[in-house]
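Asker: Sequence:
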Amino acid sequence: MLENVLAAPPELAPADTRQAELIDLVARFAPSDGRHYTAITPLQLIRASEPRQHLCSVYEPGLSLVVQGRKQVSLAGEVFPYDPQRFLIISVTLPVIGHVLEATPERPFLCARLDIDPREIRSLMLAAGVPERKDVATERGLHVALASDTLLDAVLRLLRLLSSPKDAPVLAPLALREIFYRVLMGDLGPVLRELAVADGQTQRIAHVIDLLKQRYAEPIRIDELAGRVHMSPSSLHHHFKAVTAMSPLQFQKQLRLHEARRLMLAEGLEAAVAGHRVGYESPSQFSREYRRLFGAPPRQEITQMRKGG
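The opening residue of the sequence shown carries number 1 in the working numbering; numbering runs sequentially from there.
Everything labelled a hint here was simulated from the structure, so no lab data went into it.
C-beta: ideal position from N, C-alpha, C; glycine also.
Hints should not be assumed to be uniformly reliable.
Said to hold, decoys possible - The calculated lysine-lysine pairs, modelled on DSS-like cross-linking and capped at a C-alpha distance of 27 Å, are:
no.	residue 1	residue 2
1	166	213
2	241	213
3	253	241
Claimed, not checked - Label pairs and their calculated CB-CB ranges:
no.	residue 1	residue 2	range
4	213	86	42 to 50 Å
5	220	105	40 to 48 Å
6	189	53	32 to 40 Å
7	50	198	24 to 32 Å
8	170	218	44 to 52 Å
9	219	105	44 to 52 Å
10	288	37	34 to 42 Å
11	265	86	23 to 31 Å
12	50	297	44 to 52 Å
13	81	31	22 to 30 Å
From just these sequences and the hints, can you work out the full model?
Answerer: Here it is in structure tokens:
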């Protein structure tokens, strides 16, 4: 049964035709700049009509596939570029800074993003007979890989369902299942497999990240975090840095700064108030660390963002 559901179609769509249809579908269902949620719950579409720097976000686990244009994301100084030939996998929640590299009003940047549910990956591994491996090395939480023809065809079938809302509730889960099957059996398969291992190192780090998200404004103790996931403090530090490129304390700091930025942009808070809200006692320290991450002091950077710069 699984083989029938996940089997590739008899003929793959010609690459140029497929790419043109992917562009048309994303452009049609993302008619304006920004993020667009769709009737297929895990699927969001993103559009940008000009290059943009400092797109600061906290990325949740997911798959991002560009159909037109180019983008890169930076994690603690490491840069990950992706485009229509290369897709991005995010295996844990990470604070990143994005930069749309290639976009114009005539040829906007267009991207499809799919949320990843580790439970679905575990179910898929079980159905496909893919064994769990608990002895793999801890991997970075961001990866880029070439997009295969079979993966792109599966994505195209999912996007076509946006035009068939009556069919989507039945067929979208099958298309999503095939997409993640193609990833699971490709170069980034080990990343998904590690993500799906309930007591694996990646899931333990993901749990620590969840704790930091919940308590980003509070002082934290590494030994307490380590105890919550049954690791030694040194082991937690090693594996956490392997996944996130940061220590837990550095990660918490970035969560604080991203949240403060959101509060200033979305709620109009003054810098000192936003800094205090996220756990900073010293306005000067907040301003200094904000500038180091985002490239300008809070008031100046927020003003630039509100002007579209």
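Asker: With reference to the structure, classify each hint as holding or not holding.
Answerer: These are the hints, each one checked on the structure:
For a cut-off of 27 Å, the pair hint linking residue 166 to residue 213 is broken: about 38 Å separates their Cα positions. Pair hint residue 241 plus residue 213 holds up; C-alpha atoms about 17 Å apart against a cutoff of 27 Å. A distance of roughly 14 Å separates the Cα atoms of residue 253 and residue 241; the hinted pair therefore holds under the 27 Å criterion. Restraint check, residue 213 to residue 86: a C-beta distance of roughly 28 Å breaks the suggested window 42 to 50 Å.
Between residue 220 and residue 105, the C-beta spacing of about 45 Å keeps the proposed range 40 to 48 Å intact. At roughly 33 Å, the beta carbons of residue 189 and residue 53 sit within the given window of 32 to 40 Å. Take residue 50 and residue 198: their Cβ atoms lie about 43 Å apart, and the range 24 to 32 Å is violated. At roughly 45 Å, the beta-carbon separation of residue 170 and residue 218 lies within the given 44 to 52 Å, and the hint holds.
Distance hint for residue 219 and residue 105: a CB-CB separation of about 47 Å, consistent with the stated range 44 to 52 Å. Under the hint 34 to 42 Å, the C-beta atoms of residue 288 and residue 37, about 36 Å apart, fit the expected range. About 30 Å separates the C-beta atoms of residue 265 and residue 86, a value consistent with the hinted range of 23 to 31 Å. Taking the beta carbon of each, residue 50 and residue 297 are about 24 Å apart, not inside 44 to 52 Å as hinted.
For the pair residue 81 and residue 31, the beta carbons lie near 26 Å from each other, so the given range of 22 to 30 Å is met.
Taken one by one, the earlier hints fail for this structure at numbers 1, 4, 7, 12, listed in ascending order.
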